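If you read the protein sequences in the order shown, they are chains A and B. Its first residue numbered 1214, the first sequence is counted upward by one per residue in our numbering. Its first residue numbered 5, the second sequence is counted upward by one per residue in our numbering.
These are calculated hints, taken from the structure and not from any lab test. Hints may be right or wrong, so weigh each one.
The list that follows gives simulated cross-link-like pairs (lysine to aspartate or glutamate, DMTMM-like), each with its CA atoms no further than 20 angstroms apart [what the hints assert, rightly or not]:
1. Lys108/B <-> Glu36/B
2. Lys14/B <-> Glu1310/A
3. Lys303/B <-> Glu52/B
4. Lys25/B <-> Asp1433/A
5. Lys25/B <-> Asp1340/A
6. Lys25/B <-> Glu1323/A
7. Lys1324/A <-> Asp223/B
8. Lys1283/A <-> Asp1252/A
9. Lys228/B <-> Asp1433/A
Quick list of the computed label-pair ranges, beta carbon to beta carbon [to be verified]:
10. Gly1215/A <-> Val47/B: 42 to 50 angstroms
11. Lys1270/A <-> Met389/B: 45 to 53 angstroms
12. Asp1340/A <-> Lys171/B: 46 to 54 angstroms
A few chain B residues facing chain A, derived, Cβ under 10 angstroms [what the hints assert, rightly or not]:
13. Glu20
14. Arg193
15. Ala196
16. Phe199
17. His201
18. Glu206
19. Leu212
20. Asp231
21. Tyr248
22. Met252
23. Gly403
If you're wondering where the values come from, they're calculated on a predicted model, not measured in any experiment. All C-beta atoms in this analysis are idealised placements derived from N, C-alpha and C, irrespective of residue type, glycine included.
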Amino acid sequence: MGIIALDKVDNLLWLGRYSERVYTTIKEFFKGYDLMLDDENFYHIYCKHLQIPNIYKNQKDFIERYVSDKDDMDSIISNLYRAYDNCIVLRNEIGSETMTYLELALSDLEKINDYESFIIDLQIVLDHILAFWACLDDTVASSEVRSIVKLGKRLERMDLYLRLRKDKEDIDKAFRFLEYRINKNTIAFNKEEFIQLKNMMKEEKLPYYQAIEIVERLVD
Amino acid sequence: MKNLMKHEKKINSLLERYGVKFGIYKNNIFHEQLFPFDAIPRVITHDEFIYLERGLRQRVDALNAFLKDIYSEKRIVKDGIVPEEFIFASSGYLVECDGIMPPKGIYSHISGIDLVQAKDGTWYVLEDNLRVPSGASYPMIARELCRKSSPMTFVENHIEDNRDYAKLLKATMNHVNTDGVNVIFTPGRYNAAYFEHSYLAEKTGSILVGPNDLIVKEDYLYFKNYDGTLKKVGSIYRRISDEYLDPMTFYEESLIGVPHLMEVYKKGHVAIINAPGNGVADDKGIYYFVPKMIEYYLKEEPILNNAPTYLPFYKEDREYVLEHFDTLVLKDVAEAGGYGVVFGSKMTKEEKESFIELMLKEPRRFIAQEVIDFKDIAIQDEGKMVERKADLRAFVLSGEKTVVWKSGLTRFSRNPDSFIVNSSQGGGFKDTWVLSR
């Protein structure tokens, strides 16, 4: 067992979750944005899929606020701030070098103010998140630290994919990643519920709501 | 050096990338801001450093001897060198520490000594910081990034490598460690110096801990690992003030302390870095007596100068202060961080009168100093070279030996009319080069 304070385990897990949330929502936003070019009301569907309150006045308002409004709890930038808040206390566990990529992601996202070509800027944010994960894998010696972040990431992806009603193939893939990671981890999880989730995955018609609830309860 | 200056913007963006920030509270809201870096280094020649090194070691050794004496025999008071009013009335004197001998008898393991250089080249000590001096991490990381931005600068100049600070700090912690792990104890993410806490923990291989991560059990201090096991702590480099350290001994409302820590410390089962109670030695009033301490404990002539200082506590000094009020700088001994500093020349008639009234009522609370004509140093301001006031915080580490770090934090005022260099008041920083030959 390595040396990690209990509250840092929480930070590591949520760092994984929020970084994944930023990553997946940016990718979803790319698809949604493309659809919005042809249908200006598509953002209503987007909000419904992501289960976020539709508080936006119109498409323009949605695009600007969903990407970079710090006061919008569900915006991409708010989620990145949450990832950053967890990251900032983990210098000792993940190292300065790894942290720099999240700093870069935040700094580049904060700079977005031109909504003409901002998709390219968002791609750069995505690149930083990928570099952050790669650096974590490449430089952090503690397998426990790496594994907890990855568990957070896998939990979040499963959660989001279920919420987004992704197709079976994608969800199966997300589940396999989660299964591998949860069994490899040293932190406690609810085994009975996990078996229940595994059985659900075999069902022809996946009970999305129940599955989401289980994912939310798997690790306290 | 020109090459390095050219890359100042790049270095600042690298500093941003590494999260080199400090926290500040404005209207009770926490803001994180970048600590502006100026690429023109302060250069200390080899010979100048030899002089400073001797003086700083001497000063810190005397201050450590003073602390050891004050919390045991109090010979310096009995012998009439320092009046007891300056000891027992000092807010830094902690009666709870009386009779406690820290591991290896070291009180100030990390001392931050603030110096300024006058226009004639004379160095003056402005302040001793023996509680929780901060700032070493900034030149440390800036050097790393400067070397990346302009490698040839470091090939062409013979500069002592300052990136060994973490190694020195680790050796200092190990020297007093009572057979356990080293931890750096932070009050948390919203502390002004959180970057430094986390960076030093990373670089020294210490565990960065918060109040909930530590527990006292059967006279020992332990780190609570996430798997439920406990790891004995041998040294705790605490980055919180004395009064918050242990609610059972000091401020009982403290939520960021470790209950019963002082009991462990008293028994010699953990080293607290720096020792609690050091505030009695870095009190602005005690500063006046440091040259006397050097003579008293070390039987040596002081190498470094104090800024000419007057204590309104003494009749003769009080008269001098009243007579020369407009030419002096006055400091409230209870304040820090550039606060509580006023220049006689800048006060209105009313301000002056009310200040004098307060000073006469509470003479122990103030010191007065001659305004040193600082040697300005060059900084880059929007592409132009301008001169600004600057100080130097030298770091002295006391472990097996007393060692002066071959660098330091040079802080400068960005405001042309200001002498205040503190980061909390908008100052910037520079790297400090010590030439190796």
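### Query
Checking against the hints above, which ones are violated?
Structure breaks hints 1, 3, 4, 5, 7, 8, 12, 15, 21, 22 and 23.
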